[in-house]
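What follows is the residue order along each chain.
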Amino acid sequence: MALTNLEILEEPEPSAAPLSSSAKNAGSASRGKLIWLRLRSTARFWIGSIIVLLLILWAIFGPAFSNFGAGDTDLLNTGVGPSGAHWFGTDGIGHDLYVETALGLRISLVIGLVGGPLGTVIAAIVGAFAGYIGGVFDKVVSWFIDLMLVLPSFFILLLISPALKKLSWVALVFFIPAFGWMIMAQVVRSSTRSLTDRDFVKAARFMGVKTGTIIFRHIIPNVASLLIIDATLGVVYAISSETALSYFGYGIQAPQISLGTLIADGTPGATTQAWLFLFPTIALVLLLFAVGLVGDALRDAVDPTSGVTRD
Amino acid sequence: MTESPLLEVDNLSVEFLQRGAATVNAVRGISYHVNRGEFLGIVGESGSGKSVSSMAVMGLLPSTARVTGDIRYRGESLLERDDKTLSKLRGKEISMVFQDPLSALTPVYTVGNQITEALKLHDSGLSDKAADARVIELLTTVGIPAPERRAKAFPHEFSGGMRQRVMIAMAIANDPDLIIADEPTTALDVTIQAQILEVLQKAKEVTGAAVVLITHDLGVVAGNVDRVAVMYAGRLVETGTVEQVLTAPRMPYTMGLLRSVPNMQTAGRSRLVPMEGRPPSLAALPPGCPFEPRCPASIDACSTAEPPLVQIGGTGPGSREVACIRADEFERGTLGIADVFPHPEPVPPEEQAQVKGATVLQVTDLKRHFPLTKGVVFRKTIGSVKAVDGITFDIEEKQVLGLVGESGCGKSTTILEILELARPQSGSIELNGVDVASLNSSARLKLRGDVQVVFQDPMAAIDPRLSIEDIVSEPLTVRGASRSERSAKVRELLETVGLDPAMSGRYPHQFSGGQRQRIGIARALATDPKLLILDEPVSALDVSIQAGVINLLQDLKDSRGLSYLFVAHDLAVVRQIADVVAVMYLGRIVELGEADNVFSHPQHPYTQALLSAVPIPDPRVERTRQRVLLDGDLPSPTQEIPGCNFHGRCPLFKILDAAHQERCIQTDPSLRSVHNSSVACHFAEENPLRVTGVDITEKEKS
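First to last, the sequence lines map onto chains A and B. Residue 123 in this note's numbering sits at position 123 of the first sequence; the count goes up by one each step and never skips. Numbers given in this note's numbering equal positions in the second sequence, counted from 1, plus 311.
Only chain A is shown next, with the shape it has when bound in the complex (with noise of 0.2 Å):
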């Protein structure tokens, strides 16, 4: 017999006021809420959300305390490791390896913080009309998602590269998300449709709220929580992807750097120049490293019973 404590208990619901009073209620928590206080108590969303204000904040104000700006060469210093005057080292034809980092640190953040929420939004909207509308409408969707799953996405982005490389980076932002958002589309269709027999869904229609109203009122705010976890590690997947992408050559072009660019720079002189490599690697890991953390954090506090949570 599994029971809990409030199954037996039947405990009606939670304390609700006398008709009267009006602020006996600060007790009783409301989901938000209660979200924010299992999040709050949890080291690893604080450590998580701390080190991605840093690395943000970084990215944006680090190359003004240097005394080198962007594209600057010192012909003096090339291929020197890391002093006082260039604090991460410099490249083969004098690049300031401290100002680059951080510059490809923007690019790659703006990907990810862009993109990643972006396949959010596509699977949100994409997977709560297919659920709702039902009917043919589901079936095409459903079969599109399948075709999407199946192509791997990867391959297709190398395969777009060519038009890619002719359009400014920041089309990746989009292009990312638009192969990120299937298996997330799918879940907010399954949760759609359970949603939709709920009597308060019914309820809306029956008083003639138009369809689209209904989706945006009642079916994506009763889903939020799963999409806010898929939005943080959305971040990850955009992030990594890039940088995947560049590496190989395919996303970032030169003159614009990214993370992905200069960890592949750097990768041949990994062992005679170390710096050129860790310190641009070392950058990536600790960013997503944080929003995992952070995603993870998210994801117990919103859904206690996934994985171990530590109260």
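All the pointers check out, no bait thrown in.
In the DSBU-like style, the derived pairs of lysine-lysine whose C-alpha atoms are separated by at most 35 Å in a straight line are:
id, chain 1, residue 1, chain 2, residue 2
1, B, K685, A, K210
2, A, K139, B, K691
3, A, K202, B, K691
4, B, K463, B, K440
5, B, K463, B, K431
6, B, K678, A, K139
7, A, K202, B, K800
8, A, K202, B, K757
9, B, K685, B, K463
10, B, K399, B, K463
11, A, K210, B, K757
12, B, K403, B, K463
13, A, K202, B, K678
14, A, K202, A, K33
15, B, K757, B, K678
16, B, K691, A, K210
17, A, K210, A, K33
18, A, K139, A, K202
19, B, K515, B, K431
20, B, K667, A, K202
21, B, K965, B, K515
22, B, K678, B, K667
23, B, K515, B, K395
24, B, K395, B, K463
25, B, K685, A, K139
26, B, K440, B, K403
27, B, K757, A, K139
28, B, K515, B, K403
29, A, K202, B, K685
30, A, K210, B, K800
31, B, K757, B, K800
32, B, K463, B, K515
33, B, K431, B, K403
34, B, K800, A, K33
35, B, K678, A, K210
If you are wondering where the hints come from, they were derived from the structure by calculation, not from laboratory data.
Based on these hints, arrange chain B on the given structure of chain A.
Okay, now just chain B, sitting in the frame of chain A:
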């Protein structure tokens, strides 16, 4: 008392320790006993501790529970025993029937296997053959048809009622001396409930066991048990024989329960008495009597100390126990139930809405068949489910039509068809004289304002993420009302349904079930509809809360001239509020007429069976009633039944001669007028079955 009781519970307390929260005192010092062969009823609302106390007897509480006091079975303490020795006792000497028969059986083993397991667990020497024979004997006892064949069936092949019978068969498998039944009929339809209670009585007679029946329904208690114990907030507040407690309660809580629950005898003639407030939280109890905040008879002394359960009325066989400091006044008759819980006044005539009696809703020959398909890629239709199969009714202004029937009879499909406001598969729906099939989308949106719905489950029916203001004003937002208009209307509506308008900024989880249902009603009223469709609006609410919502609906009808389509399976609730009643069976209406007429002189055998299955919380009536019991369950809706679709279960069919029976099998009866009602039965005039106990004339004689 010559022999010692079978089970003695002595000052039992159960606490649940919660990390970071106050300890929940689920049971606070209760004492009771069960004699051999006795039938004890424990009555209480959800959260009163009635289930926890019986779990403690079975030793089934989780480890977070701290149990103190003593439980003695045959004079020996159960609390000191370890789980292993308790397991020997469980099932053999004490057995349990759970509330939810759907989850109490293992889906991967046959029913026969599961009963055999229960048998062999306590009697390892039993041969397979003997076990099989015993299984069949048990299944026969609990009334399962074709037991040899059904023993080899899996749980999913049984209906809810049949599964509950299997559970009872398992419970009596080892001839226990004590059966604990925890809400055994709550999840079941009323006709099935009557069957299960019969089976439980039979099981008691066959095994001679004592039975503890835990329930929230005073009616179920009335006809079955010998003694009743009423629980409130973890304590016993009144015990006594069933006659004493139900006919002359001495504790205001028991009185309130009796007056607030719709009752087939009084329904429709006297208004219900709502009990204000809700049960206290068991984590933070105030010092006085836990019922004091809700008690209309409370005096200053009530809030200082909790009254103990004391004996009143002498020590003889008529003795009883009550936990109320004013019990003496009730006993002497200086304070009566009518003083404490007077019936509230209806809406005065001058405030009643005047109506002309125009038809609001006209449903003609409505049909909805769902195709049954097979195959994934190429679907082919292999049959159809006739969810709604040609029903016709109309509702006038300020009229309440009660649509009743067991689950699966097509009630819900009917209301969904009406609410869609789309062209029905077959037949027609006219709202305010407009045929919904002719509507374009803007006219449909306009008409949606005239018909609104209140759902069964107030938790599910309102979006948990919106504030009350947003929820109630949603229908107005759709119609383009301005912000100030909306908030004025929300304040007015909240006031109308008895909520404080200042609470409009709060969220649904801050309200109790009854309050949420009021929010649902406020939202439905936002567009000033003419017709409200009420889908089981009180069945998800606790018994003491129901009365307030029913009274509100009645007042709203009177003051606003609303019409209701009131869908319910609870006939007493329908009796309370409906003017006209339609009884549905397998997608058809089998009887339609004025509520008074249908309830006092039911003519269709199905209506008669439904009515006689409703328990009445009055033991004198319950014990003298004649019952019209139905056999079996609702047939599968996919089945094609020739002739009258009720003849397989019909009690009248069984007593007809062969020539008459032939007519039932051959010809499908249509609705025809018999004694002022429409009845779909060939032999309504010659029907010798009578339902007693709900008859108004009979009641007035007594």
